[in-house]
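Please build the complex by placing chain B on the supplied structure of chain A, with the hints as guidance.
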Amino acid sequence: MAEAAKSGAAPAPAKAKKKFLYVNRKAPYGTIYALESLEVVLIAAAFEQEVSLAFLDDGVFQLSKGQDTAGIGMKCFAPTYRALGDFGVTKLYVEKEALSERGLTVEDLQQVTYEDENDGFKAKPSIVLIDRAALAKVMAEQDVILSF
Amino acid sequence: MKLSILINEGPYTHQAADTAYQFTKAALDKGHEVFRVFFYNDGVYNGSRLTVPPQDDRNIQKNWSELAAKHKLDLVVCIAAAQRRGILDEGEVKRHGKGEGAANVAPGFRISGLGQLIEMGIQSDRLVIFGD
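If you read the sequences in order, they're chains A and B.
Here the numbering used here = 1-based position in the first sequence + 1297.
Here the numbering used here = 1-based position in the second sequence + 11.
Fair warning: there could be bad hints in the mix.
[Said to hold, decoys possible] Simulated restraints on C-beta separations:
id	chain 1	residue 1	chain 2	residue 2	range
1	B	R60	A	E1404	50 to 58 Å
2	B	K109	A	G1370	17 to 25 Å
3	A	S1397	B	D143	19 to 27 Å
4	A	E1345	B	H82	39 to 47 Å
5	B	E101	A	G1400	46 to 54 Å
6	B	L61	A	D1413	47 to 55 Å
7	B	H82	A	E1394	50 to 58 Å
8	B	E111	A	M1436	43 to 51 Å
9	A	A1431	B	R60	44 to 52 Å
[To be verified] DSSO-like mimics (lysine-lysine), calculated; alpha carbons at most 30 Å apart, straight line:
id	chain 1	residue 1	chain 2	residue 2
10	A	K1315	B	K83
11	A	K1314	B	K13
12	B	K36	A	K1316
13	A	K1315	B	K105
14	A	K1419	A	K1393
Please keep in mind that the hints were generated in silico from the structure rather than gathered at the bench.
Glycine included, C-beta positions come from ideal geometry on N, C-alpha and C.
Just chain B, with the same shape it has in the complex:
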């Protein structure tokens, strides 16, 4: 089955972020196709490379980056939600004059528009949402 995943909550505060990761991993292991994973609302924080959780805890951002590398996953962070919350890529850093090195979108994630969310609703057999 062709699935898409929408994540609406940030890491650590809400289990939604963990459950979404576990679900996505399990779906891929079962041989399902994951068309795209979209991060919205506070979910955009899952894509910050600056998170530094304690070493004896899971690293949610890193888990996603590794899963993306392994399965060529398309991880998309909503640009409007990301800009509000300070998640920027190189292009946005430059455009808003935030200073060199300020880009913090994590490896394997890309920033794009809400059109990507609508498209995955259209293209997928199921859109599965993780939020509160």
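Chain A with its partners taken away, still in its complex shape:
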């Protein structure tokens, strides 16, 4: 893999972890932002920082279930979100208002879980429904925000 061969800098030296939030605002297909955001997240996981994701605006469609891209000839990367738990990414914030504005509920999203190593590796939901005001607070707590 090109990425592995040239991934550049080694993980950061031992130092306090930073909180990284990846903000996903765009629909999964139509533009490449969602896919390339996910590619950054997968690399970021190797750096042992505190990584979480937020889905707002049309970004909530990235998690919609039953995605089928056969008709548009694009790779369907929706299953990759379900692997994020294995990369230590266990918090996917989904903005409530963004869902309801689009006529969606959490039932329209695919299930994403992680194994909680502090609780006998029980499967726990990664998706956290959060309202706009609370999400603003989450953002205020971050060290680095990457918005795609």
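Showing chain B alone in chain A's frame:
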């Protein structure tokens, strides 16, 4: 302050590329340190040596190359994003059999991985993003 810059849009279509350059130049002029500039998404096109804008317009790629030479800036083009979009260095040209002379990464830019982006988030006081 130690800054890093992320550019997610290509030149000319989006002002983000110009604003990023103006911001970086202004920050350096004010005495701030710029740890790294990273080009992602269509932003990788800022690093193509093959752009030939009209003579009465600004040359965004050349501006970056000159700024890099003057301030020893680290301009990094994401390899995964670059390969999708046909921005290659000598090594990648050879590896993918694209023919001699096909390398088009501009002077002062280097191609490397997304790890460089994460590292600049960790190492800098502020990561400033220019995109749409």
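Do the hints match the structure? See the list:
1. B:R60 with A:E1404: 50 to 58 Å: 51 Å, holds
2. B:K109 with A:G1370: 17 to 25 Å: Taking Cβ atoms as reference, K109 of chain B and G1370 of chain A lie about 24 Å apart, which means the hint holds.
3. A:S1397 with B:D143: 19 to 27 Å: For D143 of chain B against S1397 of chain A, whose Cβ atoms are near 25 Å apart, the range 19 to 27 Å holds.
4. A:E1345 with B:H82: 39 to 47 Å: With Cβ atoms ~31 Å apart, the hint is violated.
5. B:E101 with A:G1400: 46 to 54 Å: 52 Å, holds
6. B:L61 with A:D1413: 47 to 55 Å: Cβ of L61 of chain B to Cβ of D1413 of chain A: about 51 Å, so the range 47 to 55 Å holds.
7. B:H82 with A:E1394: 50 to 58 Å: 43 Å, violated
8. B:E111 with A:M1436: 43 to 51 Å: 49 Å, holds
9. A:A1431 with B:R60: 44 to 52 Å: With a Cβ separation near 47 Å, A1431 of chain A and R60 of chain B satisfy 44 to 52 Å, so the hint holds.
10. A:K1315 with B:K83: 27 Å, holds
11. A:K1314 with B:K13: Cα-Cα ~18 Å, so holds.
12. B:K36 with A:K1316: 28 Å, holds
13. A:K1315 with B:K105: 38 Å, violated
14. A:K1419 with A:K1393: With a Cα-Cα distance of about 26 Å, the restraint between K1419 of chain A and K1393 of chain A holds, given a limit of 30 Å.
The structure fails hints 4, 7 and 13 (numbered hints given earlier, in ascending order).
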